[in-house]
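> Given next are the chains, with one letter for each unit.
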Amino acid sequence: MTSTTTATSTRERRAPGTPGGRRFKPGTWTMFFLALPSIVLLLLIHGWPLIQAFRQSLHDGTLINPGQFVGLQNYIDNLNSPTFWKAAGFTVVFTVVGVFGSWIIGLGLALLLRTRIPAGGIFKVLLLLPWVVPIVVSSTAINWLVATSSSPIPMLFENLGLAPPLFLADPTWARILVCVFKVWVSFPFMMLMSSAALASVDETVYEAARMDGASSPQQLRWITLPIIARSTYISWILMTIFCVNDFPTIFLLTGGGPIDATNSLVVLAYRTVFQNQQVGLGVAVAFMMTVVLVVIATLLYRQIRKAAI
Amino acid sequence: MAIVHQTAKVGQVAGKQLLTSQEKGTRGQWWRFVLVLFIVVVTLIPIAVVMFLAFTPTVTSSTSGFTLENFSNVFANSDVILWLQNSLLVTLGTVVVSVAVAAPAGYVLSRGRSRAVSGYSLLLFVFQSLPVVTSVIPLFILFAKLGLIDNLFGVTIVYVASAMSVATWMMAAYMDSIPISLEEAAWIDGASLFRGFAQVVLRNSLPGVLSTAIFTFLVAWNDYLVAIVFLRSAVAFTLPLGVQSFFQQNTTDWGGVMAIAVVMMIPPVLIFVLLNKYFSVGGIGGSLAGQ
Numbered sequence: 001m002t003s004t005t006t007a008t009s010t011r012e013r014r015a016p017g018t019p020g021g022r023r024f025k026p027g028t029w030t031m032f033f034l035a036l037p038s039i040v041l042l043l044l045i046h047g048w049p050l051i052q053a054f055r056q057s058l059h060d061g062t063l064i065n066p067g068q069f070v071g072l073q074n075y076i077d078n079l080n081s082p083t084f085w086k087a088a089g090f091t092v093v094f095t096v097v098g099v100f101g102s103w104i105i106g107l108g109l110a111l112l113l114r115t116r117i118p119a120g121g122i123f124k125v126l127l128l129l130p131w132v133v134p135i136v137v138s139s140t141a142i143n144w145l146v147a148t149s150s151s152p153i154p155m156l157f158e159n160l161g162l163a164p165p166l167f168l169a170d171p172t173w174a175r176i177l178v179c180v181f182k183v184w185v186s187f188p189f190m191m192l193m194s195s196a197a198l199a200s201v202d203e204t205v206y207e208a209a210r211m212d213g214a215s216s217p218q219q220l221r222w223i224t225l226p227i228i229a230r231s232t233y234i235s236w237i238l239m240t241i242f243c244v245n246d247f248p249t250i251f252l253l254t255g256g257g258p259i260d261a262t263n264s265l266v267v268l269a270y271r272t273v274f275q276n277q278q279v280g281l282g283v284a285v286a287f288m289m290t291v292v293l294v295v296i297a298t299l300l301y302r303q304i305r306k307a308a309i
Numbered sequence: 001m002a003i004v005h006q007t008a009k010v011g012q013v014a015g016k017q018l019l020t021s022q023e024k025g026t027r028g029q030w031w032r033f034v035l036v037l038f039i040v041v042v043t044l045i046p047i048a049v050v051m052f053l054a055f056t057p058t059v060t061s062s063t064s065g066f067t068l069e070n071f072s073n074v075f076a077n078s079d080v081i082l083w084l085q086n087s088l089l090v091t092l093g094t095v096v097v098s099v100a101v102a103a104p105a106g107y108v109l110s111r112g113r114s115r116a117v118s119g120y121s122l123l124l125f126v127f128q129s130l131p132v133v134t135s136v137i138p139l140f141i142l143f144a145k146l147g148l149i150d151n152l153f154g155v156t157i158v159y160v161a162s163a164m165s166v167a168t169w170m171m172a173a174y175m176d177s178i179p180i181s182l183e184e185a186a187w188i189d190g191a192s193l194f195r196g197f198a199q200v201v202l203r204n205s206l207p208g209v210l211s212t213a214i215f216t217f218l219v220a221w222n223d224y225l226v227a228i229v230f231l232r233s234a235v236a237f238t239l240p241l242g243v244q245s246f247f248q249q250n251t252t253d254w255g256g257v258m259a260i261a262v263v264m265m266i267p268p269v270l271i272f273v274l275l276n277k278y279f280s281v282g283g284i285g286g287s288l289a290g291q
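Chains as they are written, first to last, in the working numbering: chain X, 1 to 309; chain F, 1 to 291.
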């Protein structure tokens, strides 16, 4: 939020030749050339493949063979497939839990760490580690913790007198495990976003609220949350994108199993293309997902830009 | 008067429960300390597991207690040094190219005001939301034709592109905080727009550059999906694939797996612990939506 305010003041004035005037000025070309490398890269690595992917989704090819044109058959096949809808359903669950779970924990910790506590600085760094440590590493550790009935966490259940759950073999437990793991990986990002937003909140508004007798929950609900609303929406959108597109968190832990219980659309697309060699069918999954995500993200993005806070 | 008095009293009562006030009691402080400590301990269990197993002798070993033998085993019997080299090359390449491309792009986003720049900003956002899977499949076929499969250069390009949007927002966010009056002074002295960018803005953007570098480092170092698609033979593996393949081949050798995991974990953790004060994602919001 700080950067936004400073930015608005600089935005009043214009750089020489910045586009925006009625005529083309020499600076326009400089601006264009400054942005050019990134535009080329984006079009080459994201833009061109997108068009290619659409073409592939209309064919029945493999990775080596481009295949025959089949029209919308791949899309129809997917829409008629229970596996596709199961994966779509789990993607929604995974995303909703991932976004709001990590947000609540991240915001809670940001609020706690904003107050003065002993060793607060060290805690802040330590709490970032789940986000920093490679998923390959942390998923291996989780695997050790839960994989078999004699692993530490199932043993803990047993010692508490409960039936030891088979986290990787039972569909429900596998889903819970994957979602909890995602929250564990993502909450530090939400904590960083929340901390940055909270840092810009002016302390004097709380003094005023205190004078009016507002309790802490009331202050959180009616002052803090509205002030950081914009940053919150942005973090939700980014996390939605991260969750829907997430591959390693699920794939490394469960591979999409057991019985496709933790198959998300990304994992389904990957498996269809690289394990079943059905490129068209797999790309169609990815493409439908992309379209839905881009539409949702663009709508939300416009909404934020409109919302003046 | 009575009302004012009453409000003040209520205010005092509420003040005692306030979490954010500076002068709260030490009891609340210790209670929060214990709570955070508990959360930190629970959070770090998986990481502690990695460390513990890496330094614990395997069942077949004759030693007991703390040991480095898992590391010596892994270094002698696997390609971990090669994987480490590959990972370092790819990551270094990604960081350097990303910063070089994102810095000028961020400048355009920060200073440019026009429909074209808004369109560019939207383009960044749309491409950020594309799943990597979608672009990876056609790129796989293209790279196969160009001989870029099993090639670290090919992977590096994909990493740079997938980190591009966030990297650009990060640079723009930092540059937003540099007053335009600095450039104006340079322009008055006859500097071109480009010189204003390179000699005034970029020179003052070290924290922004570091932030971007840390982010792109994480993207490249931690990636799994791009690596597993494009790097097919063991000589080209980066560490994530190395850990994974070693794990699949030696499912019972937890010490060995975790030793490689520690090797892989150290660089990002070290960078974060040392440089975390330079890392800020908060600004992204501003440059993403602030225009």
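Heads up, a few of these hints could be off.
Claimed, not checked - Pairwise CB distance ranges, derived in the manner of DEER restraints:
(1) X:Trp48 x F:Phe38: 48 to 54 angstroms
(2) F:Pro207 x X:Leu220: 27 to 33 angstroms
(3) F:Ala234 x X:Arg55: 29 to 35 angstroms
(4) X:Arg221 x F:Asn250: 35 to 41 angstroms
(5) X:Asn80 x F:Leu82: 22 to 28 angstroms
(6) F:Ala234 x X:Gly120: 54 to 60 angstroms
(7) F:Ile266 x X:Arg221: 38 to 44 angstroms
(8) X:Arg221 x F:Phe75: 52 to 58 angstroms
(9) F:Trp30 x X:Val295: 32 to 38 angstroms
(10) X:Val201 x F:Leu82: 37 to 43 angstroms
(11) F:Pro207 x X:Arg55: 32 to 38 angstroms
(12) F:Phe75 x X:Ser149: 54 to 60 angstroms
(13) X:Phe32 x F:Val34: 54 to 60 angstroms
Claimed, not checked - In silico contact screen, one side only, chain F against chain X (beta carbon under 10 angstroms); selected entries:
(14) Ile81
(15) Leu82
(16) Leu84
(17) Leu88
(18) Leu89
(19) Leu92
(20) Gly93
(21) Val96
(22) Ser114
(23) Tyr120
(24) Gln128
(25) Ser129
(26) Pro131
(27) Ala185
(28) Ile271
(29) Phe279
For the record, the hints were derived by calculation from the structure and aren't laboratory data. C-beta: ideal position from N, C-alpha, C; glycine also.
> State for each hint whether it applies.
Hints and how they fare:
The hinted range of 48 to 54 angstroms is satisfied by Trp48 (chain X) and Phe38 (chain F), whose Cβ atoms lie roughly 50 angstroms apart. The supplied range of 27 to 33 angstroms is met by Pro207 (chain F) and Leu220 (chain X), whose beta-carbon atoms lie about 31 angstroms from each other. For Ala234 (chain F) paired with Arg55 (chain X), a C-beta distance near 33 angstroms keeps the hint of 29 to 35 angstroms intact. Look at Arg221 (chain X) against Asn250 (chain F): about 53 angstroms separates their beta carbons, and that is not inside 35 to 41 angstroms.
Here the CB-CB span from Asn80 (chain X) to Leu82 (chain F) is close to 46 angstroms, at odds with the stated 22 to 28 angstroms. Taken as a hint, the range 54 to 60 angstroms is violated for the pair Ala234 (chain F) and Gly120 (chain X), whose Cβ atoms sit roughly 45 angstroms apart. At roughly 42 angstroms, the beta-carbon separation of Ile266 (chain F) and Arg221 (chain X) lies within the given 38 to 44 angstroms, and the hint holds. For the pair Arg221 (chain X) and Phe75 (chain F), the beta carbons lie near 55 angstroms from each other, so the given range of 52 to 58 angstroms is met.
A hinted range of 32 to 38 angstroms is violated for the C-beta pair Trp30 (chain F) and Val295 (chain X), which are about 50 angstroms apart. Distance hint check for Val201 (chain X) and Leu82 (chain F): the Cβ-Cβ separation is about 50 angstroms, which falls outside the suggested range of 37 to 43 angstroms. The hint said 32 to 38 angstroms for the Cβ distance between Pro207 (chain F) and Arg55 (chain X), and at roughly 44 angstroms that hint is violated. Checked against the given bound of 54 to 60 angstroms, the beta carbons of Phe75 (chain F) and Ser149 (chain X), roughly 33 angstroms apart, lie outside it.
For Phe32 (chain X) and Val34 (chain F), the hinted distance range of 54 to 60 angstroms is satisfied, since their beta carbons lie about 57 angstroms from each other. Restraint check, Ile81 (chain F) versus chain X: the minimum CB separation of about 18 angstroms is more than 10 angstroms; hint violated. Checking Leu82 (chain F) against chain X by beta carbon gives a least distance of about 17 angstroms; that is not within 10 angstroms, so the hint is violated. A cut of 10 angstroms between beta carbons decides the hint on Leu84 (chain F): the least distance to chain X is about 13 angstroms, and the hint is violated.
Interface hint at Leu88 (chain F): violated, since its Cβ lies 14 angstroms from the closest Cβ of chain X, which is beyond the 10 angstroms cut-off. With a cut of 10 angstroms, the hint placing Leu89 (chain F) at the interface with chain X is violated, because the nearest CB-to-CB distance is about 17 angstroms. Interface restraint check for Leu92 (chain F): the shortest CB-CB distance to chain X comes to about 17 angstroms, outside 10 angstroms, so the restraint is violated. At about 13 angstroms, the closest approach between the beta carbon of Gly93 (chain F) and any beta carbon in chain X exceeds 10 angstroms, and the interface hint on this residue is violated.
Evaluation of the Val96 (chain F) hint against chain X yields a violated restraint, the C-beta minimum of about 13 angstroms exceeding 10 angstroms. At about 3 angstroms, the closest approach between the beta carbon of Ser114 (chain F) and any beta carbon in chain X falls short of 10 angstroms, and the interface hint on this residue holds. Using the Cβ-Cβ criterion of 10 angstroms, the hint placing Tyr120 (chain F) at the interface with chain X is satisfied: the shortest such distance is roughly 6 angstroms. Hint status for Gln128 (chain F): holds, given a least beta-carbon distance of 7 angstroms to chain X, under 10 angstroms.
For Ser129 (chain F), the interface hint holds, since its Cβ comes within 10 angstroms of a Cβ in chain X; the closest pair sits about 4 angstroms apart. A least Cβ separation of about 4 angstroms between Pro131 (chain F) and chain X falls short of the 10 angstroms threshold, and the interface hint therefore holds. Because the closest C-beta pair between Ala185 (chain F) and chain X is about 13 angstroms apart, greater than 10 angstroms, the hint is violated. A cut of 10 angstroms between beta carbons decides the hint on Ile271 (chain F): the least distance to chain X is about 8 angstroms, and the hint holds.
Annotation: Phe279 (chain F) was flagged as interfacial toward chain X, and the flag holds, the nearest CB pair being 8 angstroms apart, inside 10 angstroms.
Violation of the numbered hints given earlier is confined to hints 4, 5, 6, 9, 10, 11, 12, 14, 15, 16, 17, 18, 19, 20, 21 and 27; the remaining hints are satisfied by the structure.
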